[in-house]
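Colleague: Chains as they are written, first to last, in the numbering used here: chain A, 1 to 222; chain B, 1 to 1114.
Mixed in with the good hints, there may be bad ones.
[Claimed, not checked] FRET-style restraints, in silico, Cβ to Cβ:
| id | chain 1 | residue 1 | chain 2 | residue 2 | range |
| --- | --- | --- | --- | --- | --- |
| 1 | A | Asp133 | B | Glu618 | 45 to 51 Å |
| 2 | B | Lys259 | A | Asp133 | 56 to 62 Å |
| 3 | A | Pro202 | B | Asn793 | 53 to 59 Å |
| 4 | A | Pro202 | B | Asn476 | 50 to 56 Å |
Note that these hints are calculated values from the structure, not bench results.
On a predicted model such as this, the values are computed, not experimentally measured, just so you know.
Just so it is clear, CB atoms sit at the ideal spot from N, CA and C, and this is done for glycine as well.
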Amino acid sequence: MKYFLVWAAIIIFLIFSSSEFAQNGDLFKIARLKYSGGSDWYNDPSAEVNLLNYVAEHTTIKTDAKYRFVDAASTDIFDYPFLFATGHGNMRLTEKEISNLREYLKKGGFLYVDDDYGLDKYFRREIKRIFPDKKLVELPFDYGLYQKPYKFPYGPPKIHKHNGKAPQGFGIFINGRLAVYYTYESNPSDGWVDPEVHKDPPEKREEALKFGVNLVLWALTQ
Amino acid sequence: MNRNKSYADIEKRLRSLIFKERTADFFLSGIRWFTAAVVLFLFFSLIEALFRFSSSGRTILILLFVFFVLAAFLFISGRTILLLFKKIRLNDLISRAELIGKDNRKVKDELANVLDLVSGEYNDFSADLIEAAFIRALDLLSDDDLKFNPRNYLSGLRDSALIALAGILFLMLIPPARSAANRLINYDVEFVSPPEFSVVLMPQNAVVIKGDSLKINIVASGKPPGRVSLFEKDADQTEFEKVKSLPFDSGKAAFLKRKIFLSFKMFAKAEGIISDTISVKVINPPSVSGFTVEVFPPEYTREKSFKQYDNGNLTALKGSRVFFSGRTNKKLDSCLIKFKFQKAVPLKVKGEKFLGSIKLNKNGSYRIMVKDTAGNMNRFPIEYSIELTDDAYPKLEVIEPEKDIELGNEDTVPVILKISDDYGFSKLTLNYRLSASEFKKPSEKFTSLSIPINKRENEEDIFYEWNLRPLKIEVNDRYLFYFELFDNDYVSGPKSVKSKTFSLFLPPLEDFLAKSEKEQNQSVKKLEKTLKEAKKLKDEFQKLSSDLKKNKAKISWEEKEKLKKAAEKLEKLAKKSEELKKEIAEQRKKLQKKNVLSEKTLKKYSELQKLMSEINSETLKKALEKMQSKLENMMRDDAQKAMEELKKNEEAFRKSLERTISLFKRILAEQKMDELVKRTSEIEKAQKKISDAVKRDSSGKNRDELTQKQADLSKRLRELEKKGKELSEMLSKMEDMPKEEMKKLSEELQNQKNPELSQKAAEKMMEDKVQQAMQNQRKLMKNLKQMSQKMKNMQSMMSGQMQQKVMTEMARVIQELIKLSKREEALKQEAGSNSPDNKRSKEISEKQNNLLNDMDVILKQLNSLSKKTFAITPEMGKALGKAKNNMRRAISSALDKNGRNVMRNQQSAMAALNDAANMMSAMMNQMANGQGGGGMMSLSQQLKKMAGEQMQLNQMTQQMKGGGMSMKQAAMMKRLAGRQEAIRKSLEELNREAKASGKSKKIASNLERVLEQMKEVVSDLQSQNLDDELLKKQQNILSRLLDAQRSVNDRDYEKKRESETGKMWSGKSPGKIDFSDKEKKTNLEKELLKAEQEGYSRDYKELIKKYYRSLKEK
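Okay, chain B solo, but in the shape it has when bound (with noise of 0.2 Å):
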């Protein structure tokens, strides 16, 4: 081995290691030193955190850190930088040789001896022991003992690391010992000392939504102080403002800001330390800026929509659908109208707008709830209501019929309804079931029959005729009918209302006819009872009126008294009577609804009303007033005067009553006759339709129902019979009356044994020998028949018998009127020859009272006539009595030596005679043309036979114009002419009677006006002259006597046509006319609502109110 190659290894790689180790030890050393500056200045920290030093005595501590560091730097690294800068001897191997040594025993000392031979130092020794020493020395050496070992470094630069980072950490987070450093570092700069405790408020920044509450603690750390107080500013203000003051002993407090509309910032200040200040930001939640929402009623009600802007306050009917539609503040992510009690709706969004639609099912009430893109939900949105209006049940009114029907003879009954709804109906029915019935079965279910309506309108009168026909109903069925309506509500379904349950009834005859003669019964008896009374009352006002004659000028209170009560009972009386003829007069209503009635019959009803009219008469009333008023000033004179007029009156109501009775029963009679009648030909018809149904009935199902009703009909004829014979002994009671014939008839009908007849027929029937039956049953139509016609000639023969007998007695009583008039003429020309002088006077007087007593017996013929016919009218008796009226005055006259007074009276008394006696020829005429006896009826019946004729004519007249007059055209015309003619010399006659009568009033059309028309055709005629212009003329005649006829038919008494004099009236006034159309009406009322949902106060409520009220009334 070369030596020196190795130890210049060795050397080298010693140097190496030394200057590695140099290195190592500069950069530990560097770390010591700082991890010695790090320490001095937490030591100096601490020292200033203890003692807070002003700046110069900071000044003087950085100083002496400085200098600390400096000698540090001097003591920990001086060293190292010198010996790394120092040349490396051969010293310095050696003894890094020694350091080798000592870590490898091996090596020892042999390495750094071998170093020190090899320096050349010691030259005792050879160069082969040097040479083997180092070789023995290299042989023990190892590379790592030549090899840097940074290890040895490692812990050494750990410690000063984890000092140095320790004392960092600890000026860095001890806030105490960071602000003692930032006071060392800025050892020039004064500090204010610490103050005894800090104040700190959360959350430092924070982000509300508008209208947030947010709740801000405060926090000391230190010594709190008594109380805190908070400053604010907010975005609008410049300067801090103080907003409150909270106790702060316990170091926390606590301060609840509500409703944050504006971002704003917030210290908290104690003992003059200022916390910092927190900034809290108000961001806008979404709202709603504006929404319009429109309300669509159900199609059905065909209301129009409305709108409303701004108010989600909804009042429509269920049903409705509203449309919502809005803007918010900001884009939105959803949208959803939130009920109360129901699910929720969600509306679509586009950007700020929302759309939507909900259906109102329900009342309660609502919110708009929106979100925006960030998420953030509108604030207090507003809860609107929602209520619902009710779509009301309609209305029925049932204006006819009136009550339960008993049916006559009509097939069809007059329906007539009053209907309401608030928004239109669907349907209207008539509901009917049989409810009882002889032979039909009672059905359990009503049938239901439509009505037509209008189910466009809200309001209708309904006018129906029910047609029974269908129904077949026969005699004791029973049906029950109502009405029912339904509205148009198809939201809820229609509702309905029906009408109470009326019954329509078809009585039997029988039984009609029999409560009918029971009423009419009782009637009489009630006249007769009302005539009783009044003949009582007759012998009391003679018994008064003779008490009244005494000499005291004035009358007790006692006889007031007396008079009074008289008075009374007389208008009671009379009051009774206006009621009985009210009676009778239903009764004929319900007859003639029965058909019951023959044509004369019922003529002579209408003349029975109005003689019972004249039983109450004005002058009555009068006289009764008159007394009334005589006996408040109790004067005996007036009294008097007052009594005996109420005698007279007394006397003619009696008379009328009595006269009345007396027709009354005749009518009876007459009546009983048409019953009969009608009996009979219901009888007749109801045996045919079982004849015919027993014909038809060959399998014999319909047998039972057959015999029972054959049966039925055995009963009907025994009643029948016994009809007969009651007429027959009512007829034998009463004067010129077919008493014989009837009672012949009456046998006639027994002989016949229909009863019987109809009883074997149902035992064959119900035995099955039908055949038998039959014959029975044809046997039975015969005698029917039969008897049918004799009681139809019988009715004719009772009412031309009678008129026969009243004709002959009314000719008789002319006869006598006109020889009484002859001799009351002569007695006049015997007056007026002689001058008056004693005996003279005295033998007129005599002679004229022989005339006025010829003249009492006939007006009591005429009495007994007028209890038998309505032939005498109230005109011939005003005639007559004028008659006997002035013949006294002529007496009185004669008495007084009066002459001409005498003659005056006597002429009057004659023209009254020939007054009575042309009245009573003319109605004997009237009642020779078979017009009967009837007064106005008569002048009815001419009218209508001319109005007959002038139709006939008017045909012809038609049918001959048009093309060429030829000869047989020419005299037709002629004809034509005479027609016209005659029937216009009618018409004058009846004009003239008529006006005689004083009847003329009661003519509507204007007689006279035809008279001219009838004129002018009967020329136009004559003259050929066949045009429009004729026919025309004719048409007009024709129409004219048609009115004439109708006018002069009184009118039926009805108890709702009775002229009842109102009393005064006084009453609230209806509303004002609104000329407005409704729609504007209605938008008034729904901006009213509008503006009261807005929230005012109660005082601008009012003057919102009163506004709107105020527009409406424009």
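Only chain A is shown next, with the shape it has when bound in the complex (with noise of 0.2 Å):
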């Protein structure tokens, strides 16, 4: 009997630790890219830190939520899976952040973009840099990125003015698969903030928060 319960104890121990072992290794994270030019790489931190709490709510996916950035010349970027950029200005890439974010993707890594209004330009030209071959591509509303698990039937969704004009998903894909995504004229990001930031409606932060979920869905699942 004694035994028993010995073995019975370690084999339950070693079923929760694992499981917690395994819960700690797959909490998904995201990294906030820093990156040379001068932007404001950094602001509105609590943007991912809201939406991965969101995701852990809302979906079966248990997020490791805090702020985190990495240096895009650093190799702690392979660490983690989806990369999120932002800013209002200037974008400069290194060389090496260049070659270190191009061999990442390549490699299978996500990347998200989001103009936070002024990012465009510069984002456009650097991009560029990165995959001289390739084109940045506009999503149709169709893509499988719009659809699930939250429908949104125009594509991204505005969620700050801006120039007032459509707001535009677009693509880099890698054997067929989406390895850079980039917003443009609707900032899903600044939804994802805290809501004394920029006070938006809560309907539109909601908003913007799914369609945080449908990027990490689509970033883990296509």
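Each chain sits in its own coordinate frame; assemble them with the hints.
Modeller: Structural data, given as structure tokens:
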């Protein structure tokens, strides 16, 4: 009996500890991409934290909801399946950053870039340096990213006005896989930040967070 | 003479003659007989022709003919034959001699007689007589008499021959005679009676080119029938079939057989009469059996060539070269590309093949014409179209600059362009010219600068910094510039597109400042107006609030409308203040661009922005919304509560506005000081330039220009004096400003008489008294230097003095707060030690009320202080507000005799007072450390300072690395450790303060982690562990400090960055993602075009289009 209890305890312990390890090991993380050029890559640090919490609450994905940033030139980027970049101004990548990001994306990494208003022309210039032979392709509304788990019949949501143009989502594909997703005139990440920052209506924030869920799921499952 | 011999001779000759004549007679009779036979035959043929006997009749005729021919023979030739074979007797000789005698009158019958005599028949005559007669006769004879003369027979022969010939010809050439003769000859053959008419087809045997037409004429001879039918049999048929029936009354008809493709035979038939069968042979013309067209677009397009098979319709770019290669069904003599409106181009031929090329220069059409070795051309060659596509104009979009440029201090202009073209570019230029200038001559022509582009791309974003230094732009210079983009069309010549023309202008500082001042004064007026309206609104709110205090449960419609309008007014005011905030931000941006503002003033503007954000707070918005929603249910209680809340917010709004106006005015005052400093500095620079130029201008070439510049400087100096005076007046109306000092400075400035000095210098220059002018200029420079320094001192004094005053007042307030907190604590203890009864409760509440009143005094002081400095933060206000509320609650609890609540409220009040005091102390510390009263700005500065210190430390550590550790180095390490520890402690304190103020969220970098790393570094330094890992940690620390410092800087207000919530959007989806490569797509399109050109019916074309579409979609 004694032995049985001991073994049972050991087994139960192993099960729980392995699941705990599994949980920690499998926790989904997002890193903010720190890039050169002078833009405010760091702005609104509550964005991905709130998104990760929302993802954990509304899906079965377990997340590590902490703000983290990682240097584009550092090999630390390979520790993250999902990188997020945003900003308002100039992005000018060094050669090291370019080659690092290229390798990361080619090896299966996912980069989401959100124009926070003012990043567009710089990002377009830099992405061409990373992938000179690829073009940013606008995704049609029936693309899988806009379908599950929440439907976005008109593509990315219009969270902030910016220039009042239509919101657009662009992609760079590597062997048919969406490796880079870029939103323009949409700004979902502003909808993820704490409510008092931009004072957006709750339904807009909800919409942005739902869109973020779609993004995360697509990045992980495509 | 020998009689016998002569006689023999004569006889011989006569015999010969007779024989010849008999022979000739024989032949002549033969011919005559022949002629007679012919005539007879003709005769009988005529009879046959007339009567058309049957075979038996003809048999009789022929027998008769034979009979008569025989008879004729006997009659004509019989006698001559007999004679021919009859022996020639003496009688014959004598007869012939008689004939000779008839012909020759001399001879007469002498010869005959002689012959008679010689014959011996007459023996009565003597031999001599006979001889003499003979000799006489001989003498009379000529040779010709005994010579055979064929001429005698010629005429007979001729006549006979003619008659015979005529007869024969008649029989041969006259068809009826011929036919009759034929029938007569074939007497035993039954002949059908010749028809009344005959039909002939013409041409009888023809050769036509396949596809050609042939006109067949049908002619009747004789009495033509009413109709004639044509029967035809072509090469594939075995039987003739009727193909046409034509009217034939006139005896002539024609039939056009079109597009003959097979050889055929044809005959005509009319009333049983059949014509001869004609034969028409069809031969093939040459035709193009297959060809390939390869189109090579012009080289500059870098487009690949493409081929088309059996489709000559060309859609290509102008200048493309098209290569043809094909084959025909026959050996060729020549091949041409024949254009509709151009000269034909020959292609080379070899056997059945052709090869060559053309260049596409204009739209049109063409045919491939081939000629075979027999000279036949191909029939109905297909007309192919040539459609030239355009090399489109390039596209140029100017992203930056967005509008005309007013330069500040910058010497470069960022340019961002988006360029695109279907085939590429050749050149991009920036073209500029000086259009207006005070001192330089404007240029008519544009100068062109080449902007580097990637000519291999069809689309590019251009980022270019236009360096303005070479232009040496001076104040009031205006340049016009535009961009021009050229494509690489080397066929028609590069096409270009120009952007709109922008202007680049360097306004004089004075103009700019004047404009700016005007705008800012207007902003102040608008703020004041808004405040005035807010005050009016306060009264309105008050009245409405009083009016709401009625007994009725529901509010009336009128009341509702009044409340609604009042709320709307407040909302409008809030919006106005928001707009003013943007206005002021734009003004600040312009001033910053011109480098007019000092760093301190800039910081204050940022603080002002933040303050203005708080005017239009979230709570105000919520209060307005709440009011709107409560008005819907029309319940008085709800409306009253909402009104009260709105009043509070209105009050907060008004107070914030007041504070804003006050602080803005103070900022403007500081700004004016900054402007004075800037003006002085600019004037100083300008004067130096002029002075240096005068020194260099020994020849006096630029004298006039320099004189003018000096004169302009005088105006600026006068303006400077004026501004100094204005500032002095401005400061005199403000509290806590160095009024006297400014007044003194202004007077000093006026006493320097700088405008007069400048004017004198100008005059001296004009009078060519350069040395004197330079003297004045030197004096002026000295004055300006002095004044510049004094102004800078004044600038520092202004902010220093203000800060000092603020700190003093703050210290006083802190003292008061601490005292108040202590009194509150004492009261709390008193409240706690006594049991609640009426008297005690009343006493407690009265004392608490006193504290509350003192609290109000402090709040007033603070309020007054807040109008002078940004150091009073909303957090402080909240803390004091909290203290006040708790005091009020303590009073109510005391009146309710709720001792526990009293103490709790007093405790909360105390804590809030302490918090406020602490915050103010911390703020004072920051100010004392020279970091101004800027809240987050000071945090940023501190981080920056720390980052600077860390950088130094890192460098020192780096330098120490390598080599062994000497005593000195060990000591150094310890010092470094100490410095790192110091930085760590500062950061620790900063972090704590930032957390306390709630602003640590803004720091992107995780300062906790930085602090940990700093600890590790300190430990390593103390242990003298100087390795790469240590350096890496220090680098990491520095990086994080810099990140933290950058992240703390508030973003400047820019209209662009306004986060206005977007509206719902719906639109059309972009097309499907094309993962296939372009070439495949292009090929599909080409195939579709080819298929469309094949000449299918519309239905088929649609099917083909659908098919290709589905392929494309795949």
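Colleague: Now tell me, hint by hint, if it's right for this structure.
Modeller: Taking the hints in turn, this is what the structure says about them:
no. : hint                             : in the structure
1   : A:Asp133 to B:Glu618: 45 to 51 Å : 49 Å, holds
2   : B:Lys259 to A:Asp133: 56 to 62 Å : 58 Å, holds
3   : A:Pro202 to B:Asn793: 53 to 59 Å : 55 Å, holds
4   : A:Pro202 to B:Asn476: 50 to 56 Å : 55 Å, holds
Checked against the numbered hints listed earlier, the structure breaks none of them; every hint is satisfied.
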